[in-house]
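Those protein sequences? They're chains G and Z, same order as listed.
Going letter by letter, the first sequence gives residues 1 to 262 in the numbering used here.
Going letter by letter, the second sequence gives residues 1 to 95 in the numbering used here.
Treat each hint with caution, since some may be false.
Unchecked claim - Here are the computed distance ranges between Cβ atoms for each label pair:
| # | chain 1 | residue 1 | chain 2 | residue 2 | range |
| --- | --- | --- | --- | --- | --- |
| 1 | Z | Phe65 | G | Ala233 | 22 to 28 Å |
| 2 | G | Leu6 | Z | Thr89 | 45 to 51 Å |
| 3 | G | Val130 | Z | Thr89 | 26 to 32 Å |
As the list claims (entries may be wrong) - In silico negatives: residues of chain G with every beta carbon more than 10 Å from chain Z:
| # | residue |
| --- | --- |
| 4 | His31 |
| 5 | Leu41 |
| 6 | Ile45 |
| 7 | Phe109 |
| 8 | Val168 |
| 9 | Phe208 |
| 10 | Phe245 |
To be verified - Footprint (simulated), chain Z over chain G, 3 or more residues, beta carbon under 8 Å:
| # | stretch |
| --- | --- |
| 11 | 9-23 |
| 12 | 191-202 |
Worth flagging that the hints you see were computed from the coordinates, not collected in a lab.
A virtual CB, placed ideally from N, CA and C, is assigned to each residue, including glycine.
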Amino acid sequence: MSTETLTQGQYVQHHLEHLSLSLKTWTLDGHGFWVINLDTLFVSILVGLLIFGMLGMVARSVTSGVPGKLQNFAEVMLDFVGQSVKESFHGDSSLIAPLALVIFLWVFFLNTMDLLPVDLVSRLLGYAGVPHFKVLPTADPNATFAMSLSVFALILFYNIKVKGFGLVKEVFTKPYGGYLFPINVFFRIIEELVKPLSLALRLFGNMFAGELVFIIIALLPWWTQWLPGSIWAIFHILVITIQAFIFMKLTIVYLSMAHDTH
Amino acid sequence: MENIALVSGLSALAAGLLISLAALGTGIGFGLLGGKFLEGVARQPELAPILMMRMFLMAALVDAFASISIAMGLFLFFASNPFITAVLTAVHPAA
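Work the whole structure out from these sequences, hints included.
What follows is the structure, given as structure tokens:
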């Protein structure tokens, strides 16, 4: 971009900054922990409303004749998610399949925000006076940790609800029998804490690396960008789908483990 | 000045190690995974679609921490380097 007067490092830095509202002084230059990333919030709510609004509209006008394209798409998604839930979930809950559907579709469509050109949204909004705007919410660890901590809360809730006091017995005796209970408790705590951590960081790491490679490709001269850009974009479509699928599958498996009483 | 050069060189080495070790681990992991997949398909070709889906599942799990390492390495390389900024603020406190 010939109008750029930023160095390469500054260009990359500019594209990695969020539109963050500091909660201490209500200004748009927040740093540290007490900030709300308004761009993440806005894009994820917008995408969520679009996707699930569309699905809701399809559900209202569902026909049993030849389905239209949207209904076809909704049925394929429901079939796919229902298949995954049926083969991995060994409990009895009517929350799991809708939860898995929401997770899969929402994470997938948030991830596809990465395929928008790097400068498009942030430059257009820059003309309207917005200083930074990162259009990919799942490259913000706040968003991925929010999702995985919600799943963790559900895991804890179902553990306590389904197992009751059997949970205490399970935690104290699981791998090694009753007398080694400190080791059992220690391992169980680590295992439970790794679940949300790995869910969040897996999604965040993949998406952040993908976005960073797109930004680095954008630093090349404009006439050489098409080749690495298209190769990486095609590979990234695969990564997006796999990461959304993995998040959903692991959520189902963890919740099934929380319902397991054997 | 020497401190800045030292920290700069060492953080370049650190970023290189992050990226290369992630690539090494992922390469070996995916190689083993793909090899087992091919063996499995050779034994029972009718299971190929199921096995391929499971392979991609395992691939995403193997990919997880490698991609976090790559993200951190690329961040050190191209975006801010916190070690250099710490040394610089220690050397020029008014800056």
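We went through each hint and held it up to the structure:
no.	hint	result
1	Z/Phe65 to G/Ala233: 22 to 28 Å	holds, 24 Å
2	G/Leu6 to Z/Thr89: 45 to 51 Å	violated, 22 Å
3	G/Val130 to Z/Thr89: 26 to 32 Å	holds, 29 Å
4	His31	holds, 12 Å
5	Leu41	holds, 22 Å
6	Ile45	holds, 25 Å
7	Phe109	holds, 18 Å
8	Val168	holds, 30 Å
9	Phe208	violated, 4 Å
10	Phe245	violated, 7 Å
11	9-23	holds (count 4)
12	191-202	holds (count 3)
The structure shown violates the earlier hints numbered 2, 9, 10.
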